[in-house]
Amino acid sequence: MTHTPISDPTRRALLAGFAAAAALPLIPTPARALSQGEASQLIGEVMAEVQGIINSGGSESQMIARFENLFSRYADVPVIARSALGPPARAATPAQLSAFTDAFRSYLARKYGRQFRSFIGASTQVEGARQVQTVIEVRSTMLMRGEAPFTVLWHVSDRSGRPLFVNIIIDGVNVLAAERQEIGTLLERRGGNIDAMIEDLRRAG
Amino acid sequence: MAVTRFGAALALGLMLLAGCSPLGPSESGYNDPYESTNRAWFDNNLALVEAITPGDGAQSAEPPAQPGPVRRMVANFGANLGLPSVILNDLLQIRPDRAAENTVRLVINTTVGLGGLFDPATRAGVYGRRTDFGETMYRWGAAEGPYMVLPVIGPTTQRDAFGRIVDIAINPLRYALAPDEASYATAARLAGRVAEAGAYSELLDANVIDTADPYAQARLLYLQTRRYHLGSDAEEDFIDPYADF
Chain A
0 MTHTPISDPT RRALLAGFAA AAALPLIPTP ARALSQGEAS QLIGEVMAEV QGIINSGGSE
60 SQMIARFENL FSRYADVPVI ARSALGPPAR AATPAQLSAF TDAFRSYLAR KYGRQFRSFI
120 GASTQVEGAR QVQTVIEVRS TMLMRGEAPF TVLWHVSDRS GRPLFVNIII DGVNVLAAER
180 QEIGTLLERR GGNIDAMIED LRRAG
Chain B
0 MAVTRFGAAL ALGLMLLAGC SPLGPSESGY NDPYESTNRA WFDNNLALVE AITPGDGAQS
60 AEPPAQPGPV RRMVANFGAN LGLPSVILND LLQIRPDRAA ENTVRLVINT TVGLGGLFDP
120 ATRAGVYGRR TDFGETMYRW GAAEGPYMVL PVIGPTTQRD AFGRIVDIAI NPLRYALAPD
180 EASYATAARL AGRVAEAGAY SELLDANVID TADPYAQARL LYLQTRRYHL GSDAEEDFID
240 PYADF
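Taken in order, these protein sequences are the chains called A and B. Numbering-wise, numbering that gives the first Met the number 0 puts 170 at position 171 of the first sequence, and it's gapless, one number per residue. Numbering-wise, numbering that gives the first Met the number 0 puts 60 at position 61 of the second sequence, and it's gapless, one number per residue.
Please note: incorrect hints may appear among the correct ones.
As the list claims (entries may be wrong) - To spell it out: a stretch of chain A is covered by chain B in this simulated footprint if at least three of its residues, at any positions, have a beta carbon under 8 angstroms from a beta carbon of chain B; those stretches are:
1) 71 to 82
2) 113 to 123
3) 129 to 138
4) 145 to 152
5) 172 to 186
Unchecked claim - Computed, partial: chain B to chain A, Cβ under 7 angstroms:
6) 126
7) 211
8) 212
9) 219
10) 220
11) 223
12) 241
Unchecked claim - A partial selection of chain B residues facing chain A, derived with a Cβ cut-off under 7 angstroms:
13) 205
14) 237
15) 240
These are computed hints drawn from the structure, not numbers from a lab. C-beta: ideal position from N, C-alpha, C; glycine also.
Sequences and hints are given; from them, build the entire structure.
See the structure below:
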């Protein structure tokens with residue numbers, strides 16, 4: 000097994016070509032489920048972009064801003080945020096949900112963006128994809144020189160209308176489960192007051 | 000040699016207890032009946048970790064430093080001394096492929112790696128895979144049991160805590176080395192664990208120490224990674240974030 004950098008221009012150009020070709024026919028095509036190939040393609044792009052950010056040599060705040068932007072484009076953040084909030088989301092006003100989503104996105108970028116820096120120089124590779132219940136699970140490996148590789152699983156869905164990732168499982172750690180726990184604790188501390196919890200979240204991570 | 004007989008009897012007894020179930024049951028969620036005691040030990044352990052690792056408190060602007068060469072050597076040396084025990088457990092789990100790979104690691108790192116100070120096996124792609132008697136019991140069908148936090152050792156489960164005791168009793172180094180050498184080997188393995196933990200202090204800070212409830216996060220992370228490595232993570236852990244809509 001060879002580990003090649005994920006930003007393979009030939010493959011990306013090829014896939015872009017396929018996408019253009021698929022748009023050409025005038026015959027209306029039936030609504031079609033997200034394919035494993037499309038999900039893998041998305042994750043390949045995400046990982047290439049993550050590597051671009053961490054190897055860019057920018058300052059920490061620049062990197063965090065770029066991670067936030069990456070989450071906006073490749074992850075279904077409103078849905079992840081709502082799921083992290085859990086049942087209290089049903090009682091929240093649209094304004095609260097929107098404020099929470101923004102605070103949550105920045106928090107994720109701060110917390111995980113910083114940790115991504117430990118992967119400078121790592122090589123990543125998409126290994127394959129499979130259907131897991133309602134999502135496509137893309138399996139990737141992270142290989143750092145001098146260390147055993149580990150697996151990162153990405154859950155991808157097109158329920159939002161386009162393919163986006165909705166959860167990451169890093170070497171067995173389910174990030175959404177961890178964030179449900181975290182948001183639950185923050186909310187409990189504030190006696191269920193969502194606005195106060197959002198304020199705390201803005202300072203966390 | 001009372002320990003030998005004790006260890007052997009224990010292993011045999013467990014083998015009989017394990018019955019015919021090929022794998023332990025899939026586990027999800029957590030079972031934490033000793034939470035108040037666990038929390039107290041968790042706090043003590045955190046204080047200990049902070050005392051022995053170079054915690055900086057404030058987030059540094061620089062990317063995290065790679066572990067220093069000495070720390071890496073200490074970690075390598077300790078891990079290499081743990082390999083005979085790992086290989087024994089591979090055999091008890093009837094996994095000859097893993098036993099063979101870990102044996103290759105032991106041979107390469109003990110010779111080319113100058114007694115285990117270096118890890119040329121990993122550089123050559125022979126990563127091996129760690130295991131312990133807790134995993135052996137899982138393979139034999141033992142249930143996970145309650146979550147526990149032990150002094151110094153940290154998060155574990157009843158099955159894994161019991162496994163640690165058995166690992167001490169059946170460690171091949173106990174029989175291969177003279178008693179004082181075996182004590183040095185144990186000390187070196189402990190030092191290796193500390194050195195390794197130090198290398199992950201940044202991850203520990205971000206995902207446990209700096210969270211709203213470090214105890215709950217550590218419990219979640221420990222159980223998830225342990226089950227994942229055992230291959231027992233239940234599909235119930237799958238979260239469909241669109242399910243609420």
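Here is what the structure says about each hint:
1. 71 to 82: Answer holds; 5 residues pass the 8 angstroms Cβ test.
2. 113 to 123: holds (count 5)
3. 129 to 138: holds (count 4)
4. 145 to 152: holds (count 4)
5. 172 to 186: Answer holds; 10 residues pass the 8 angstroms Cβ test.
6. 126: holds, 4 angstroms
7. 211: holds, 4 angstroms
8. 212: holds, 4 angstroms
9. 219: holds, 6 angstroms
10. 220: At about 6 angstroms, which falls below the 7 angstroms cut-off, the nearest Cβ of chain A leaves the hint on residue 220/B intact, so it holds.
11. 223: holds, 5 angstroms
12. 241: With a minimum Cβ separation of about 5 angstroms from chain A (threshold 7 angstroms), the hint on residue 241/B holds.
13. 205: With Cβ-Cβ at 5 angstroms, under 7 angstroms, it holds.
14. 237: holds, 6 angstroms
15. 240: Holds. Min distance 4 angstroms.
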